[in-house]
Amino acid sequence: MSDESTGPSRAADPKSRVRAIQSLLIEKEMLSTEAVDRIISVYEEDIGPMTGKRVVARAWSDPAFKERLLDDGVPAMAEVVDIDDETIDIQVVENTPDVHNLVVCTLCSCYPWAVLGLPPTWYKSPEYRSRAVREPREMLREEFDCDVPDDVGIEVWDSNSELRYMVLPQQPPGTEDLPEDELVDVITRDSMVGVERLGEAAKPTP
Amino acid sequence: MNGIHDLGGMDGFGSIEIEADEPVFHHPWEGWVYSIYFAGMGNLVFNIDEFRHSIERMRPDEYLDASYYERWLAGIEQLLVEKGALDREAIEAREAALETGEVEFPADPETDVFGELVAGFRENFSVERPEQEPAFGVGDRVRVRNRHPEGHTRCPRYARRSEGVIQDIRGTNVVPDSHAHGGEAADPVYNVRFEAAELWGTEAADRSAVHLDLWERYLEPTASA
Chain A
1 MSDESTGPSR
11 AADPKSRVRA
21 IQSLLIEKEM
31 LSTEAVDRII
41 SVYEEDIGPM
51 TGKRVVARAW
61 SDPAFKERLL
71 DDGVPAMAEV
81 VDIDDETIDI
91 QVVENTPDVH
101 NLVVCTLCSC
111 YPWAVLGLPP
121 TWYKSPEYRS
131 RAVREPREML
141 REEFDCDVPD
151 DVGIEVWDSN
161 SELRYMVLPQ
171 QPPGTEDLPE
181 DELVDVITRD
191 SMVGVERLGE
201 AAKPTP
Chain B
1 MNGIHDLGGM
11 DGFGSIEIEA
21 DEPVFHHPWE
31 GWVYSIYFAG
41 MGNLVFNIDE
51 FRHSIERMRP
61 DEYLDASYYE
71 RWLAGIEQLL
81 VEKGALDREA
91 IEAREAALET
101 GEVEFPADPE
111 TDVFGELVAG
121 FRENFSVERP
131 EQEPAFGVGD
141 RVRVRNRHPE
151 GHTRCPRYAR
161 RSEGVIQDIR
171 GTNVVPDSHA
181 HGGEAADPVY
191 NVRFEAAELW
201 GTEAADRSAV
211 HLDLWERYLE
221 PTASA
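Each protein sequence line maps, in turn, to chains A and B.
Heads up, the final residue of the first sequence is numbered 206 in the working numbering, and it's a clean run with no missing numbers.
Heads up, the final residue of the second sequence is numbered 225 in the working numbering, and it's a clean run with no missing numbers.
Heads up, a few of these hints could be off.
To be verified - Calculated lysine-lysine pairs in the DSS-like style (CA-CA distance at most 30 Å, straight line):
1) A/Lys15 x A/Lys28
2) A/Lys66 x B/Lys83
3) B/Lys83 x A/Lys124
4) A/Lys28 x B/Lys83
5) A/Lys15 x A/Lys124
No lab work stands behind these hints: they were computed from the structure.
Note that the coordinates shown come from a computational prediction; the quantities given were computed from them, not determined experimentally.
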């Protein structure tokens, strides 16, 4: 068992341990079973990549919106989606023919959860966190089957402050005439983290 | 601290395991861990920097062995105990009593704590502080100081002693190195871009760069500036 001198320690049985802590916090009115259910349902049902997809679809469809979005992410997002623009700060970084952007948090697991939901397990893994900053091009090719041509620069955003990053992927050719509600189906969570390129942009230049 | 959490640039972890269509929480208890994080933050028992630092204080071997939410649970329990919100013996006793059925899981309090927790969480998560005059400007070349604080820091090891160029000024934020230990020091924060070759050596000829948001005290002017 741990104490203050040895620091935090892994529980033998996390399920029964967290149940005990919840039970004591509820008795102290620091938590309630209803709050537990609501917190879980917010992350399971309400917050997810659809928010980010709607923002990207609007940016592809409306150049003036895209400009506002790149200038100050969250106030622009609030025009399209329900987002807490008091607490959250997100910088949107734009992929271009010359630049591919990739998001990581090497120190913990910072992620633009307000627009993408809670991060997938791989994003939080030592495997991804260690390698994304050191050899992003090889990692994307070998682990994500995502080819970034050698003449395209890669900008890696290590999310070490409370400012979070989201990638604005390039719009695949041939989708220009689609309405926003169909464009959202073209956009993926992974493309907004930068581990996937959409449509033609994914193919290496001949 | 130079902890195991500071993973950027390490080798040897191997292939990244990617699970298609994974659920938000893999087990109900992972969502419960999220709820006690929300309780700790929402009741202002601890702040985000104390929380991160608590996880960083796990033994490196345990940190790597534990799953993500096991690390969270360890970090949260430690802070609830250290801050005096809960007693370690009481947690252990309750865990045993719930297992044997000696104690029932409590009924809800009358009050609606969810709204209070959300309000507390928002207050607690706010890192902006009164604006300070930045010492550096966009386009300045800066060097990351070779600091190795014993406590918390958000300056990763791989960037120390490297030179980069300031891209943007992010405003004035509370300094994690201070905030994780009860302090309120604040600094201007800069986005700094580092070329791959500067960070990883000249054999890293790849056309890539890494951006970090760095507090002013992490930086110094370059010798040539």
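Status of each hint after checking the structure:
{"no.": "1", "hint": "A/Lys15 x A/Lys28", "result": "holds (20 Å)"}
{"no.": "2", "hint": "A/Lys66 x B/Lys83", "result": "violated (45 Å)"}
{"no.": "3", "hint": "B/Lys83 x A/Lys124", "result": "holds (27 Å)"}
{"no.": "4", "hint": "A/Lys28 x B/Lys83", "result": "holds (15 Å)"}
{"no.": "5", "hint": "A/Lys15 x A/Lys124", "result": "holds (21 Å)"}
Checked against the numbered hints given earlier, the structure breaks only hint 2 and satisfies all the rest.
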